[in-house]
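Asks: Could you put the whole structure together from the sequences, leaning on the hints where they help?
One-letter residues, chain by chain:
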Amino acid sequence: MSLRHLWAIIRKEIHHIMRDRATFILVLLTPIAMLFLMAYALTVDIEHVPIAILDFDRSTTSRAFVQRITEGKDLDLYALVDTLEKVEALLLRGEIKAALVIAPTFEQDLVALRGMSLQIVIDGTEPESGGFAVEHIGGRAEEFLSEALASYIQTLDVSLDSLQPIDLRVRTLYNPSLKPRVDLIPGLISMVLGFPALSVALTLAHEREHGTLEQVMATPVGRAELLLGKMIPYVIVGLINVIVIPAVARLTFRIPFNGSFPLFFLLSAVFLFALLSMGMILGVFIRTQPAALALSFLVIFFPGFFLTGIFFPIASMPEIMRLESLGLPGTHYAIITRGLFLTGVGLDVLWPYSVMLMGLGIAFTMVGALFFKKKLG
Amino acid sequence: MESNDYAIIARGLTKRFGDFTAVDGIDFAVRRGEIFGFLGPNGSGKTTTIRMMLGLLRPTDGSVQVLGVPVAERAKQIRPRVGYMSQRFSLYNDLTVLQNLRFYGQAYGLNNNLLRERIQHALQMAGLEGRGHTRTKDLSGGWRQRLALSAAILHRPELVFLDEPTAGVDPVSRRAFWDLLYKLVAQEITVFVTTHYMDEAEHCHRLAFIQRGKLIAHGSPEEIKRDTMRGQVLEIAPTETAKAVKVLRAARESGRLPLEEVAMYGALVHVVAPQMEQHQAAIAAELRQADVEPGRMAIIEPSLEDVFIACMR
Amino acid sequence: MLKWTSCVRRIWSLSIKEFIHLINDWWMPAFMLFGGVIELLLVGWATSRPITNLPLMVLDRDQSAASRTVVTALENTGTFALKALAPDMETIQDALERGQINAAVIIPPDFDNEVASPIGRPTLAILLNGAESIPATAALRAIEGVASDMGEGVILERLGLEPDDFAGFAPSLRVWFNEALSEALYTTPAELGLMLEFTTLLFAALSFSRERELGTLEQLLVMPFSSMEIIVGKSIPVILVGFFDFVLMLSMVHVAFGVPVRGSLPLLLILALGYLLVELGKGMVISVMSRTQHQAFLVVMMVGMMDFMFTGYAAPVESMPQIVQQVANVIPAYHWLTILRGVLLKGVGLEVLWPNVLALAILGLVIGTFSLRYVRRALN
Amino acid sequence: MEETPPIITTHALTRDFKKTRAVDSLDLAIQPGELFGLVGPDGAGKTTTLRLLAGLLDITSGSATVAGYDLAQQAEAIKSKIGYMAQQFSLYGELSVVENLSFFSDLYDVPRAELRERTERLLTFANLTEFKDRWAAHLSGGMQKKLALACTLIHEPEILLLDEPTTGVDPVSRREFWDILTELYLGGTTIVVSTPYMDEADRCSKVGLMYAGRMVVCAEPQQIRAQIEGDLIELQPDDWQTAHALIETLPGVLEVQTYGDLLHVFVDSADKRLPEIEAALKKQSIVHRGARRATARMEEAFISLIKRMEEE
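Chains as they are written, first to last, in the numbering used here: chain A, 1 to 377; chain B, 1001 to 1313; chain C, 2001 to 2380; chain D, 3001 to 3312.
None of these hints come from the bench; they were simulated from the model.
Treat the hints with caution; some may be incorrect.
[What the hints assert, rightly or not] Derived DEER-like restraints, expressed as beta-carbon distance ranges:
1) S3140(D) to W2012(C): 37 to 43 Å
2) N1004(B) to S3140(D): 34 to 40 Å
3) K373(A) to G1255(B): 53 to 59 Å
4) K2083(C) to V244(A): 37 to 43 Å
5) T2369(C) to G1068(B): 31 to 37 Å
6) S177(A) to V2324(C): 21 to 27 Å
Everything numeric in this text was worked out from a predicted model, so none of it was measured.
Just so it is clear, CB atoms sit at the ideal spot from N, CA and C, and this is done for glycine as well.
Replies: Below, the structure written as structure tokens:
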């Protein structure tokens, strides 16, 4: 390995990146924009879900209940209707996401402690807001019930603070609100850094398409030097993102950063090395840019989304996929980012993952160098 | 000028890119049915001029009429009537020879029978019979060039623009290619060609020399030779060509001999000087002094290459 | 008449050429056709699987019958893989910090007594690892379920109610259009719609940028194609492959995940074709704007993400700020997803979907006209 | 003459592509310091040969040594000894002239102490000094070729492998280019150059003619030219097609080559046949100009040889 060769390739690649302004800006901006949009879209606070209420009871209690249901800004009363057909029509047209049907016996059953005669109807095509409605209506119903029954229960000489006698004292560490955005954003960093990895594959395909690779192959430059030299500038591009992302996350989404930033930076560099080596392997096997694009989805983006445990817990996966996820740099990096952003741990905890990342990076580079022939045809 | 007699009329054609003037007010006219050679060094504005004539670039100033149609306004009308072979990229590399030809033919609206016939002919002309299913990228440079040319004239255009059509083509094919151009011209097809082979330029009916965007000579090869060549050319066949050139150049530098130009010409040396008869003996003496036998010496008619080089210097 | 046939012939020649490119460099079309299918399989598979096997620690300080009931109930949920009972808090703390467990349940020493006493208030302490909110939330739901089942028994006992009399305090639930509340049923159509958008956009975006980068565009421009013919000729493969892609993905989600087609299939196919045209227009604009394929790709990713945000797939559009909701109306993918869900799951037709169809048509007209103009100008 | 061991040798060197055999058991020996011209019709295997020698392609069979290294085993070691220039422009367009030079000087490990001096010398050599900060993509074709040559020369290689370095280059630049090559040749560098220009082949010290993947002739230019039988007469008739047919039938005419409307006639004796031809043309009232005895150049020799090959 000659540092001089390496540096020559790096410098050339940096010139390329810098001189094509439009691409340079896009390369820098895309990961950040993607992260921002994904984070926003995935974690919008659900509110103002339009619902319809069909009150067959029309009692004081049911009216008070309706009042209670719609007092927050989580659920919006879209319409008070009088037939099930109207509920159906509204659901079909997508004007409401859920409906609450209060049975004629609502008040009676409640007083007799027979339970809550309620039905919640939700639009199964959008369970996101439907599920939300179920949860919130259920919660309100329970509250309402507890209050309504409080005086009655006291007469029975039992203690029942609520209708949920088992008191769950939940403490959520590292992300007290349990908002998904807080942990998805650190997780998603590994996804969006797939873009620099793709760029590496593209530049190699580009050099093949334009014949410049032929001239370089005729020089004594080593395979590993060539591959590493093409990779390192994109590691740098990725690192610029790595610096910007925590700042963006903090300013726009108020994501904390509890760990050591230098450590984050260092491990991100290792991760980029590993991920970009994957991109490089693509570039080694692929001749044209469209092919590199297509393959990058199958190799980098899809697995990065599904198999790295950002959205789907690795523990729940079948054995074979769990093994595969171990071979993806994103899996280890997601653990590292969550640890540094949220848990605030250090290398004492994260070292196994860091070692894995490094190992994967070296392994991928070696595979790339092994299959990269300095030959044409 | 009767526009019917002319395939191309360019008036004050100018193209500027920013503050760089690529083509600077050139005027020329190409008669129908002639081979018009457009010569100039690399970067002198040849390709830019062709692009303007094809309506790919809008002239900054001036105008050009192609086949009687003003290009700037109605480029679309002339496209079916002209053929164009660009310098490097006229073929799709991942397509096979046949697929490329078929694409050209259909694009220019040839019907199936005619297309089959023309493709057959084109393959023959390019020497690619039996290799129709080879991917274009697997062809050697010269063959690709021949294929591109056959494709450009597949639809028998009235006027064909050829931008360095024979670059990298071997001499045998080049001759076959020029034979073909003559056949085309016999069918009243006009050929506008750029080339770096000056021996090819000799075979053009008329020529234009362009340098730094300006037209510096215009006329038939004979006219150009007569009007632009200062001095005569002495052809020498010395024993050691390289050494002879060195010796004569040294003589020129030191001012011992009033030579305009000393150039190696294959195994021969061409020396240019005014009133060559007076210097012939001195040249021979100079060579002998350096132990080079001058061999056969003769004043010859200047070749276009001699003229071109004299012009461009 | 003659003019027409030669025009068709030119378009034909261009489309054939494009198809040959596709066959020769087959990764891209293969990705278009099967990448979507793979993505859908992954999504369908991942979302239809319950979350199981979450590592959980229990610290049982009570060691009573009641506490053991809790532990057994937790195990029976199937959500958890119970790691060994923890000896002390430190172990739990450490495991949480290392991210080895998603949740921990601590049963206090007096749990049994509190359950038994009529005025007791049994407590369970729960520690969640918020650094992984998705499994943490799933864990919390499961624990809540266990607690409320237990709680119901306690209530019945304390109030002296008969279980048969008791209807339960939770409201009953009915899910329309998706009775089993299968997640695959609503994620896969949305994913299908988005994949169609993305692949079409990407494919279209490469069409000109690639020829420009390789230098062949110049030759194309001097051939007697009108710019309209070039656009149409280059569009046909995109539309065909995109449409085929759609049919393939649709059949796949139907067979693999039982996604029904409750509405009219012909209507859906026609609208899919229309939607393809709209996305094609966008892709072509990106294509002539970009100098390189790399640029085209990055712009496609940005645009695709932007659309994704407005489709209501990840988050309900109703919950977004007013201004964002307005923007959603001019995003074709938003209307397309509404149509797709409507026809597939709700079984509605034009009588309900006409506002979306109309919006899509108007957007198509605007985008189409603009892109035609723009691409033509760029080509001339 | 004493035999020095050749710097490039090949034995039965063969390279197959999917269906075609591009290079077919090629035997070649190039002496150090030779300026070796590789000529041949399109598709004869010139580019493949050069790529093989540069270690850019795997050998199908046979063997070769370049600068003392075995091509199959030590391809990488060869690369620092050679300078290779690809047929297509294959430098980085977005890098400036100087940046391209320094890029390759790094890859070739040019001693830093000499870098400055060499860069300046090559820039002067290639007449590129005033363009040294221009992007390579913005140079004219001829300048690009000269820059490419300069880049392959930066490490002062023992062997230069140039694949059609002057294709698409104007005559002035072409001469400059060959002046540079001649100087290198005189300085002792071994040069292997493929070219479609026969006047360039004439400037080589040795010429190898390839045909269908084989080396069919390998000799000094004079020897090749000498292989042509008879004298050459050049003339330009008005109706060249009829004239061609007519002259071919005349006695003493060995071969007629056309070049556009120019005819090259090989005859057993020019002095004897020139008047006969002119008379024959006059009889058919074919007007002609510029009939003269000409010196047969490499080009005519090449065409003659290729025709013979094709007939076989």
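Asks: Now look at each hint and say whether the structure bears it out.
Replies: Hint check:
no., hint, in the structure
1, S3140(D) to W2012(C): 37 to 43 Å, "holds, 40 Å"
2, N1004(B) to S3140(D): 34 to 40 Å, "holds, 37 Å"
3, K373(A) to G1255(B): 53 to 59 Å, "holds, 58 Å"
4, K2083(C) to V244(A): 37 to 43 Å, "holds, 38 Å"
5, T2369(C) to G1068(B): 31 to 37 Å, "holds, 34 Å"
6, S177(A) to V2324(C): 21 to 27 Å, "holds, 22 Å"
No hint from the list above goes unmet by this structure.
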